[in-house]
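**Q** Sequence:
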Amino acid sequence: MIQEDSLESNKTQGASTSSPSLSSPSHELKQTNKREGKNIPRQLASNDALHKWLDSNDPVARREYFEAVLPKLKCDTIPALILVKLQEQSPPPDLANSWDFSHIYEPYIQRRQFQDTDVEAWVWIFSGNTPDEIADRFYSSKSWKPIALLKQLLQWDPIRIGRLQQAFVHVWDSIPEAQLHEPNQLPLQESREQRHEMLAFSGTEGDIRFSTIVDRLLYHARKVWPASVVTAAHLVIRYMTFILVQLSCDPKNLDKQNHRRLSQLYNSYLSRLGLPASIEPFNSMRHNWQAQRVLLEYGENFEPPLKISERSYRAIASVLAASKKTARETKATLRRSREWPPWRIDQDGMDAQRDSRQDLSRVSLALIEKRASGYPDNSQDSALRILGGQELDGTPTIHTRSLVKSRAHPKGLKSAKSVSDPLHPVEWTARIQATRDVQEAWSAFVAYQNRGGKPTVTMYYAMFIKLASEARREATNAQDAPPGQGREVLPVADDTFSVSYRASRQPPTLRALYSQMLSSGVRPNMRCTTFLVERAFSIEEGLRVIVDSKILDEHQIAWLAGHSNASWHPPSLGAVPDQILTAFIKLLGRFTPRRARIESKNADSKFEIAHQTEPKEDGEEGEESSASMKILELRHSTITNPLWHAAELLKQRQPNYRPAWYMLFRALSREGVVVSRELAGDPLNSILAWRVLAMALNDFHNRGLELDPQGFIYICYGLSGAIPAFKSNPKFAREMSTAVSSLRHKFTNISSTTDLAIPLPKFRHEVSAVHLHAYIRVLAAYGDISAMLETLQWILNNHEVLHRSGEDRTRKVFVTLAYFLAGTKQLKEVRSQVERVFPNAWPTVGEIKALGVRNEASHWSVPALTKSSSSS
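Sequential numbering from 0 applies to the sequence shown in numbering that gives the first Met the number 0.
Check before you lean on any hint, since a few could be wrong.
Unchecked claim - Below are the BS3-like pairs computed for lysine-lysine, each with C-alpha atoms no more than 30 Å apart in a straight line: (1) K71 <-> K51; (2) K726 <-> K761; (3) K144 <-> K51; (4) K51 <-> K650; (5) K144 <-> K73; (6) K222 <-> K330.
Hints are computed from structural coordinates only; laboratory data are not their basis.
Work out the full structure, taking the sequences as your base and the hints as a guide.
**A** Structure, rendered in structure tokens:
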């Protein structure tokens, strides 16, 4: 059987780093044409060739590329057919009517029995001018659309959530519906389209074809819609059920061959669902676990149950290791003594009678079940066990959330380094992580060295995280957090030790440890580099870390540093990893000048006080004088305007990675940010900051990127700071109104819900109380009561959003509503509606007054709304 699309494109998941926009410059395609002899393989994947051809709007570049790839193109595929037909229909003017490739595609069309109307429809679909137009044509077309066309659509990256939703629905509808407990036969298939669907998903080739599609869906889901991985799990179940019914098989009486086939599918997706989301992986890990549970429950319908593979067990344990702790797991951690090993302390007689197994984490229980199934542990399993709260000898550690990806052995580590190796770096990295304070972590680090081990970059990285967390705890006087839930560390428990002993246990500073790492010949890897750059003590120090890492070449580093004589070109910029660019822009944002009320003697040593921005009144002196508004800016930096430099880097690089843009949004929305030193303290500075933010947001959308709640909150902060400035002069009224209207439209987008027959997530984005609070403050600043009430109605209709956010954050939303609606006729009804859904959540008079005091202290210029403003 000739495969529908040759099954040749199973590599999209890890290869999409360049811009896929149809409007991208065509010079890259021309460069490829020049390098045809070196870079074009003997047989080119047809979907890749079509994708690259579509990437250019230049007819000459398209023709040159087509001529270069045609001899090496596998032509008996649907993408190749479409490519040849597209080129045939769009000849350059000097070669009009000279194309005739019918001898190439006609035999394939006849062999596959395609109808001319079908082929014409496919070519029409892909003759669209933009990816969005092509997608619109695809989903609106009534003609038969083979699955190869959807695979081609999923080549584009980034993809919007709405498009991903359409893709899920299309694949769902492409698999004939079947019921697991009705195994006799499928409903009669009458139409030609349904017969093609049956053939597309038949046999081993159908399994491969289905897997390729779902892999691409999962790839996009991890990037833009992590909650939809659960839909992918339901899609796998629908396909496996279709196989059973197609073969007239009873899941309770399945032959060995088909049991093995379904087990392979089952396990391939259990393991794939262990991969974390690209952005905020910890926050979305609950969706991975939910998706895995969907498959695990389905596997129990078989007799015998579908056997979980070693790799699947490891993926399950990895997901649980990164998941938020349950109340039971948190309580078990809090019962631990502050000594090491952290043995359990029985708090009462009930505790003393409890089985120690009840204190085991879900990670530990999953690994126990894995060993009981006959699978031995490897180094990754040992690391998971340590992070799950149990040493290899059974002594306790601290159950710590961590991302442990399933991967092959790292370079330089032979597979022979099994669990029996007492100095395996993966295990010792976990020992450093599974601690509560810097001294416990440092003790593990030193213990490895004392045993003759040479610390690896992952071990240094784990120690850097502990040291940075300790510095943050000391600087912010943060309250103790439950151990192991995040990166927070506890204060060192050494009150009973002598001064000399405490000094011997004291770890070095982060800078000193970094110097030690370089001296030992270890260079920072990607994750370590980004971590250190984000937290560097200066921009120059961040650049030195990048130089030390050897990740970028000298031209790319010169470009980052803003050297005017730096020679660069777009391909070189494209090779700058998104993570490095994001970390550096975040660093630039940290050192952007800002206007703040600060005591001169307590100014951060990294900053100097440039000048006072408010004139002193007669007689002002002493402490009042030292706390006036001043500009803080970085000392002795070669980059004189970090904010504008960050904007220029993004303008030149144009990344498809949302966090890179968000770091600029964050810097521009920061309270007191100084965009122009000449305008510092003037309302025009706040307006200028908003305008730059709005322009950056426009560039962001032009890249085909979609704003999510993380970016939305920065837009709220930026507009919230600009509205008082807008109100200072009536001539800005229209601009302010347009900005608020645009923000309302963005909230509609991120808060939209789905209501379809297939098991899709209800929400396209995970909106929380934090985002709602920021949005309501903007509406209050503008005086838009109607929009505030609409937002409240959305909250009441989707109350589970606030229930997930926690009581403290939920109360902030209602305190803000109560404060800004004070004095309006709507307040009484609002309170009644809130208390019906959220009993006891309405704020007290004291909480409302406290918000007013905080607003005045922070110079928030918007008073509580009055009845006269209700018409706004």
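**Q** Indicate, hint by hint, whether the structure satisfies it.
**A** Hints, one by one, checked against the model:
{"no.": "1", "hint": "K71 <-> K51", "verdict": "holds (15 Å)"}
{"no.": "2", "hint": "K726 <-> K761", "verdict": "violated (38 Å)"}
{"no.": "3", "hint": "K144 <-> K51", "verdict": "holds (21 Å)"}
{"no.": "4", "hint": "K51 <-> K650", "verdict": "holds (23 Å)"}
{"no.": "5", "hint": "K144 <-> K73", "verdict": "holds (21 Å)"}
{"no.": "6", "hint": "K222 <-> K330", "verdict": "violated (33 Å)"}
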